[in-house]
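Engineer: Take a look at the letters that make up each chain.
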Amino acid sequence: MSKKKKISAEVISQSSLAEGIMDLRLKTDLAEDAGPGQFIGIYPSNRSTLLPRPISICGYDKTEKTLRIVYRIAGSGTAEFALYRPGDCVDILGILGNGFPVDKASGKKVLIIGGGIGVPPLLGLAKELKENGCAAEISMVMGYRNSETFLSDEFEKYGKLYIATEDGSVGTKGNVIDACRENKIEADVIFSCGPMPMLRGVAAYAKEISAKAYISLEERMACGVGACLGCICKTKNVDDHSHVNNARICTDGPVFDADELEL
Amino acid sequence: MSKKKKISAEVISQSSLAEGIMDLRLKTDLAEDAGPGQFIGIYPSNRSTLLPRPISICGYDKTEKTLRIVYRIAGSGTAEFALYRPGDCVDILGILGNGFPVDKASGKKVLIIGGGIGVPPLLGLAKELKENGCAAEISMVMGYRNSETFLSDEFEKYGKLYIATEDGSVGTKGNVIDACRENKIEADVIFSCGPMPMLRGVAAYAKEISAKAYISLEERMACGVGACLGCICKTKNVDDHSHVNNARICTDGPVFDADELEL
Amino acid sequence: MNTSVNISGVTFKNPVMTASGTFGSGMEYAEFVDLNRLGAVVTKGVASVPWPGNPTPRVAEVYGGMLNAIGLQNPGVDVMIERDLPFLKDFDTKVIVNVCGKSTQDYVDVVDKLADQDGVHMLEINVSCPNVKEGGIAFGQDPKALFEITKEIKNHAKQPIIMKLSPNVTSIAEMAKAAEAAGSDAISLINTITGMKIDIYKKTFAIANKTGGLSGPAIKPVAVRMVYEASHAVKIPVIGMGGIANAEDAIEFMLAGATGVAVGAMNFHDPYTTLNVVEGIERYMREQGISDINDLIGAVD
Amino acid sequence: MNTSVNISGVTFKNPVMTASGTFGSGMEYAEFVDLNRLGAVVTKGVASVPWPGNPTPRVAEVYGGMLNAIGLQNPGVDVMIERDLPFLKDFDTKVIVNVCGKSTQDYVDVVDKLADQDGVHMLEINVSCPNVKEGGIAFGQDPKALFEITKEIKNHAKQPIIMKLSPNVTSIAEMAKAAEAAGSDAISLINTITGMKIDIYKKTFAIANKTGGLSGPAIKPVAVRMVYEASHAVKIPVIGMGGIANAEDAIEFMLAGATGVAVGAMNFHDPYTTLNVVEGIERYMREQGISDINDLIGAVD
Ligand SMILES: Cc1cc2nc3c(=O)[nH]c(=O)nc-3n(C[C@H](O)[C@H](O)[C@H](O)COP(=O)(O)OP(=O)(O)OC[C@H]3O[C@@H](n4cnc5c(N)ncnc54)[C@H](O)[C@@H]3O)c2cc1C
Ligand SMILES: Cc1cc2nc3c(=O)[nH]c(=O)nc-3n(C[C@H](O)[C@H](O)[C@H](O)COP(=O)(O)OP(=O)(O)OC[C@H]3O[C@@H](n4cnc5c(N)ncnc54)[C@H](O)[C@@H]3O)c2cc1C
Ligand SMILES: Cc1cc2nc3c(=O)[nH]c(=O)nc-3n(C[C@H](O)[C@H](O)[C@H](O)COP(=O)(O)O)c2cc1C
Ligand SMILES: Cc1cc2nc3c(=O)[nH]c(=O)nc-3n(C[C@H](O)[C@H](O)[C@H](O)COP(=O)(O)O)c2cc1C
Ligand code: FES
Ligand code: FES
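Chains as they are written, first to last, in this note's numbering: chain A, 1 to 263; chain B, 264 to 526; chain C, 527 to 827; chain D, 828 to 1128.
Don't take every hint at face value.
Claimed, not checked - Non-contacting residues of chain B with respect to chain C, defined by C-beta distances greater than 12 Å in every case (computed):
| # | residue |
| --- | --- |
| 1 | E282 |
| 2 | K325 |
| 3 | V353 |
| 4 | E400 |
| 5 | Y421 |
| 6 | E429 |
| 7 | R463 |
| 8 | K470 |
| 9 | D503 |
| 10 | S505 |
Unchecked claim - Covered stretches of chain C, as calculated for chain B (at least 3 residues, CB under 8 Å):
| # | stretch |
| --- | --- |
| 11 | 554-564 |
| 12 | 582-591 |
| 13 | 711-718 |
Source of the hints: derived by calculation from the structure; they are not laboratory data.
These numbers come from a predicted model, not from an experiment.
Ideal Cβ positions, reconstructed from N, Cα and C, are used throughout, including at glycine.
Please model the entire structure based on the sequences and the hints provided.
Structural biologist: Pasting the structure below:
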């Protein structure tokens, strides 16, 4: 793996996928190091806000050297990003984080579960598993608020897709676990990203069906590179690096074996 | 006079007049209230700097509703302004300050003396005196560092122009007072703007030739509207508003009768 | 929807005030803002006699704020009574006069002169100005001195008094308690934090006084923390200030424990700030379904 | 051109250091910056045993800076000796180990363990962390307590010690003098200023610990002022920090009286900041015709 860098990337395109959900493509050498489940830090140009915004990699093209990110407008930083137009430059920090352990999928029945803004990083994972992995089977369950099921058309290319919506407008009415049960989805390995309550549900479901679960966590970050100890999560055992029951989400994660976490 | 306002103005054009000297034209209703020697506050859009930059009005067109300002790139704010392109919007505060008392020129021999970045506001004054004033005669002395005698071509339209340059490349080698002496310029009224040492020289020269001098001062400002008391100058007598020997440059000035100041 | 708050028996139509020294006597900003919309106008500090203040430069810009060392230039209380108070009487807003002095007697003189001015609803006592050599902050950095001067002023004051606290202390809670124990009706905070800027090319201080008071958004987290600590240490109402730029900031101070809020340096960035804060608070209350603004005070604990 | 400075007998190739807790043990930023270019690496605070630190959220962004309440999570001094110090030994830079504790004995235990580590050139004693409940800042807000603990640590330390001062005090000069009187070889300042942020929509504190330490450009004017005051109060060298983002800022601290300077939160904004500061100082010296960096120290007075 190459060194992490802070560099300027060029905006290639940006469009809106759903209400408040943006799809941004960047030209950058960092794409060469990208893997599914990793993330970058994006710096607002507004000089009163100084910290990078952690955003997952949704897709990457190593030959074209492009990164794709899909994000929700959540505050001042993302609101600024939403204004970017082709040709604009943006400072980014990357490639950050460990990413999903795709090798664990080899020969296994894989289930990918995403919820809300946890959906985007799983698209890159599904593509990688389909194109370069050796998974025996790929099922996917994506949860949305309503009929704005962004990215679902793209997921369908990589396996069987189930959808859950809170308002029941598409697929199962309810959450992703409801959809798993309704469709009696079996799996050996689960990869997941989404809000913490959903991840807890995923970990419990994995136990039920005796699958391994690898889940991607979120926390407030400052450095993004493992130095500040801002972004920790609780681990069951003493962590190798910290020597206490804390792991750094930005470097030891964001993807963890659910069995190793105190959720 | 209308109320002061903070409003957004549109950039019409911007060009460079000399090394580091910019000529910016803005479309704004504030132009209707503008007079020579007054100024506006320009807000950087960089959110880490919050105070308006005071910049004198170099010219105005009340029918077209345009303001012209000429400024030197001196720091982060002006460096940002220099990047503005037609169509950009910029927040401005105005119209600020009292301006030159053009009525004092009526029937008089007028001498206008400018130095460095004090030159621009005098262009609007010369134009006003020529077009709407009743001055008996207008002479002008402008001091520059070198042969980059920005705006001098425009001054020539309004009266007899003498130039002083520090390096002697154009006109008198030396300062504006050297040029006044060399050309034995007589006057009843002097209007001046420039660095403090020059203004002291102007006040002394005015005494010598028994002229009245009205000089425009600079000081660090915060509010620009007379509220913070940041921008005072020392007055000979107790000031009417402050009840101490201080006048506010932003509202009582920037133009003062030199006789009333403790220079 | 009720936006009015009560501080020591005085009712304010809303909690939004101007921070002393950043709004002149209200006259300068009346061109921009309808003063009738404000909870109160807090005037620039006034002494018993005119003060000339400090040499220039008196202000300097810094990241997210500014330094000032005006040195409490003011025309004296007599001019305030003759000129500024009559101007303010025409508006339907409360008037709080900020009082400064070099000795206890100075403060008392001003307080006495203002005693029968019915256009003055409260007095804010500035014992926290970092920019004058004597008096001022000396009272504001020692709980005993603060207690003594508060007591003496309270003996003279006809209007309720607000002791304005300095953030340049180890324990703001201790200072708040001293003011309360001496009978202060309310407290306000924070005054500016002492700072310095050096011009590395000119090799001089950016402020003639060397140090100046830091204000603006840069100090907001410190101000919110101190308002929280002070309001948890005393029972008297707290007026919060320090970097308020918009309604969100003002609400943050109220949730931390402030009954009133004041806009300072951000008036210089945007002369409409006070009005925007008033309107933004109303919008927030509507959106959040809050019918009484008093429900916000100290609601995050 | 000489860029080296001497602090209590230790020579630094340049005055630029990393602020403790913002640079890990150097390992994390070695990907971005050649550590050989730095005057010193100052490590994250280390205690005698591993500390788990505070619950999350531990960091929050604020205008021009951030709040943190990490709570001094650290793997304990033994791990530092086995893992981090050997890593740092390979670089041609000085190593300053930042030490934390809850009791005097805690500090002494760490200092004793580091005594015969020749890869450790100085010890920085953190008695100013606002984010731990006991110890820490309690020593850093009372001159007597500071004197006592400094004395005790000095009795044990084999390396020269730097007492790191808290800005959350009424008089920084008094604290500096207490450290000097007790035998501290140098002082460093400022640690973070205690702040608070409230999320007005979620109605919660942005930091689980309620309060956090404010750092970043927002605090620079306060830090410069305190470095000026402290360096004028004592004869021992001062290491200055607080919001340094570039060489201009670093030079400002030196002109105010700092012999060394440290980059903290701005590493998070730009991981190359330390290197840019080193190069920018050299450029400034060339442009201004300054041949010895020591001529900058305290040059504005
Ligand atoms: C590893 C990781 C991957 C992420 N991937 C994505 C993604 O692919 N798409 C997406 O839309 N969002 C993603 N997020 C969340 C995203 O980081 C926040 O929505 C974003 O930082 C908000 O920034 P803002 O300036 O718009 O909001 P503000 O609220 O103005 O931000 C203020 C501060 O809080 C931080 N912050 C706010 N919300 C979050 C959050 N949920 N998580 C972490 N920090 C936060 C910001 O980074 C900033 O420092 C991810 C978060 C993490 C930790
Ligand atoms: C009444 C008045 C009229 C002026 N007219 C002109 C003009 O027509 N053309 C022109 O080029 N300049 C003019 N100036 C000077 C101009 O205001 C400064 O050059 C400008 O503010 C520098 O801003 P900056 O952000 O580029 O510099 P920075 O140094 O980054 O500014 C930092 C702070 O210092 C203030 N500041 C810096 N230099 C000055 C200065 N010389 N006077 C007052 N404040 C300063 C800035 O406004 C800002 O608040 C005038 C100043 C005054 C007071
Ligand atoms: C230019 C200026 C002048 C001030 N003058 C006074 C004053 O006369 N009396 C006083 O009590 N506070 C004075 N202050 C302090 C403010 O009232 C306020 O407490 C402080 O600036 C913090 O609020 P802010 O960050 O919103 O400005 C002054 C502040 C500024 C910026
Ligand atoms: C995330 C973080 C962790 C910190 N940890 C420590 C620490 O362990 N020990 C210490 O003495 N100071 C610690 N500090 C304080 C810094 O070393 C520094 O004094 C302060 O942040 C001011 O500098 P800055 O504004 O450049 O960040 C920490 C600061 C931050 C932001
Ligand atoms: S964000 Fe700094 S350690 Fe993870
Ligand atoms: S700038 Fe505020 S009074 Fe002139």
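Engineer: Does each hint fit the structure? Answer for all of them.
Structural biologist: Status of each hint after checking the structure:
1. E282: 18 Å, holds
2. K325: Per Cβ check, B/K325 is outside 12 Å of chain C; nearest 21 Å; holds.
3. V353: 14 Å, holds
4. E400: Non-interface label stands for B/E400: nearest chain C Cβ at 36 Å, farther than 12 Å.
5. Y421: 33 Å, holds
6. E429: 20 Å, holds
7. R463: 16 Å, holds
8. K470: About 25 Å separates B/K470 from the closest Cβ of chain C, which puts it past 12 Å; holds.
9. D503: 10 Å, violated
10. S505: 6 Å, violated
11. 554-564: holds (count 4)
12. 582-591: holds (count 9)
13. 711-718: violated (count 0)
Of the numbered hints stated above, those contradicted by the structure are hints 9, 10, 13, listed in ascending order.
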